[in-house]
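J.: Construct the entire structure; sequences and hints are all you get.
First residue of the sequence shown: 1, per our numbering; consecutive thereafter.
Calculated from the structure, these hints are not laboratory results. Relax, there's no trap hidden among the hints.
In silico lysine-lysine, DSBU-like type, Cα no more than 30 Å apart, as pairs:
1) Lys500 <-> Lys557
2) Lys573 <-> Lys212
3) Lys486 <-> Lys557
4) Lys306 <-> Lys321
5) Lys635 <-> Lys557
6) Lys573 <-> Lys557
Estimated spans, in silico, between C-beta atoms of each pair:
7) Gln354 <-> Ala190: 45 to 53 Å
8) Glu407 <-> Asp214: 45 to 53 Å
9) Asn234 <-> Glu332: 34 to 42 Å
10) Asp358 <-> Gln594: 49 to 57 Å
11) Gln594 <-> Arg420: 49 to 57 Å
12) Lys410 <-> Asp310: 31 to 39 Å
Nothing here was measured: the structure is a model prediction, and the numbers come from that model. For glycine and all other residues, C-beta sits at the position ideal for the given N, C-alpha and C.
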Amino acid sequence: METHFSKSRGEWICDSCNHRYVAPVAKRRSPKTSTRPLHELAIENAWWHKSLAEKWNGIALCREKNGQLEDALEASRISLDITRCLCILDGENLEWARDLAESLIQLAHVLEVLGRFDEALEVYNSEFCLRQYLCESQPSIAAPIHDLAMACGRLGHIRELKDMSAETLAGYEGGLAIMRLLYTEKVLNAEWQIDFAVLADNVGRLSNSQGKIDEAVEAYRDYLAIMQYLCQQNPLNARWRADLAGKSFIIAGLRQELGMLDEAIEAYEICVEHRGYLCELYPEDSKFRTLLATAWNFLGQAHKAKGRFDDAARALDEDLKITRLLCEEDPEDAEKQHSLSLTWNSIGTLYLDQGRLDQALESYEADLAILRCLCEDDPDNDELQRDLSMTLVSIGAVRDAQGLGDEAIKSHEASLEIRRRIHEEDPENTVGQYDVANSWAHIGCARETNCMMDGAAEAFQNAITILDNLCEHDPQEPNWPRYLAKVWNRMGCVLEEQDKIDEAVEAHNKELALIASVCEQNPYDADMQYELYTAQYRLASVNEANGDLEEALEAFKEAARTLRHLIVHHPEKAAWCREQAWTCVYAGEILEGQDRFLEAQVYQREAHRLFAQLQERGVELNEEDLNELGDLNAKFGPGGSLSA
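T.: What follows is the structure, given as structure tokens:
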């Protein structure tokens with residue numbers, strides 16, 4: 001982008017956008033140094049007036065700090081007029097041009113503080129054009145390139161204040177692109193690296209908020225690399241470590257949400273490392289230990305999601321050690337006690353996922369004891385009451401898994417009582433409505449396990465009524481139909497147990513319709529697509545048991561199509577490949593029973609191929625799998641062939 005200077009008019013003109021910078025004129029007193037025109041003063045002694053401009057900039061800063069914003073604005077404009085006159089005197093003098101750019105920044109900043117964002121944006125645009133001119137004049141010097149990147153960042157900042165979301169991101173991205181180029185060609189000092197990191201953080205933050213996930217991940221990767229390097233070079237800089245720890249925690253959460261568990265764990269470990277160092281630097285400051293405990297907890301959750309239960313247990317144990325010690329130091333601090341209860345809950349969930357039911361129950365009961373004490377001290381705290389209800393749900397789940405159905409039902413009913421009370425206080429709160437529906441669903445599951453089918457159906461119907469209302473009043477929320485589909489699934493299973501097959505088919509059809517609608521909104525959500533497959537498979541099985549073979553066949557075919565598409569994108573999922581093989585087997589059996597042998601062979605060959613591939617990959621097949629593979633080998637020969 002070319003920029004040229006018009007000496008006669010005293011302005012820079014950007015050739016690509018035709019933006020012209022003209023210094024704003026304000027009614028003001030002239031500097032007391034002289035009543036002569038500034039232009040003439042500059043001709044006599046430019047360096048004196050360069051110093052004068054710097055003094056006025058300093059005066060502007062002092063006035064701004066003292067809250068004298070209008071006076072600061074006047075001083076900034078005087079400084080700007082002086083530097084502008086110097087540039088008119090010598091348009092080729094790059095030092096005068098740099099001074100003018102700094103005066104523009106000072107003026108724009110004061111306008112920004114005054115809330116005059118449109119004027120500030122205009123001045124920042126002028127500075128940007130001037131920085132381009134300086135870069136073109138000195139293409140081999142790093143400082144003007146860095147200054148141009150910062151000008152892009154300032155444009156991004158003022159646009160963000162004006163809620164210009166797309167233009168804001170473009171400004172920050174422009175600055176980041178320049179810094180990336182500068183970083184590959186030059187050695188950046190620490191101050192410039194901080195500038196690079198700030199731009200990367202802004203691009204990551206805004207890209208994430210605008211759904212540009214790849215750009216966000218890449219920008220955050222730059223941020224982590226720079227800040228880690230800086231902290232290694234300056235290990236005693238606590239502010240840098242605190243910034244890195246805080247941002248790495250946010251980045252880890254984003255990566256975990258995207259399913260990038262290994263990278264999430266890496267970011268959580270960075271957070272743990274630097275928060276641990278801060279705890280060593282400031283051992284008496286409990287704030288750093290609280291933050292460290294939180295980082296250990298989230299690291300444990302990420303390890304658990306990855307299936308690394310031993311690593312998860314070690315991380316949660318570190319969290320427990322810290323939170324226990326904090327509570328011992330200040331037993332009256334309710335917030336620290338609450339943190340300890342959450343840690344016990346996390347440990348209980350880890351044990352439950354491992355099937356270690358006795359240890360899970362012990363952890364949940366420790367959580368429950370703390371929450372009950374906190375709720376007694378603060379009975380109007382809905383957050384604590386809700387946590388108490390959730391812990392009761394978890395205890396109910398453990399009791400259910402232990403086969404203690406009556407105790408499970410009691411826990412879920414106690415949870416329901418709390419949630420009903422919260423809902424009655426704020427009946428329009430959708431989260432409260434969902435919580436009540438959730439408790440009814442858990443009661444239904446516990447009654448189903450306890451063979452109380454009529455009571456289970458009643459509980460599921462109560463949950464369905466609430467969730468239907470939520471879906472109707474908030475159709476854009478994907479979680480309501482997703483959970484409603486799960487409840488319809490359990491209702492269908494209960495109706496099957498009651499031999500109400502037609503009603504069961506209707507329930508599973510409703511489940512399928514809900515999941516399909518969510519999948520339309522989230523076509524790339526693999527977990528959601530898998531739920532669609534399982535709903536199609538269940539409907540096929542119910543129809544087959546009911547003798548509706550055509551309906552069953554169509555559902556098996558739909559299920560096979562859905563899972564086939566998933567396997568193309570996730571060939572490593574051995575469990576999905578096995579399920580697809582059996583879906584094809586069942587479709588083939590129905591077709592064979594209808595004497596549709598050629599169609600049957602299409603599905604049987606696909607099943608044969610999938611079983612054979614699993615065996616070649618070293619996946620352990622159970623006896624039923626091996627028997628089916630043997631039958632298919634006898635029919636098609638070892639290895640099979642691709643399906644049509």
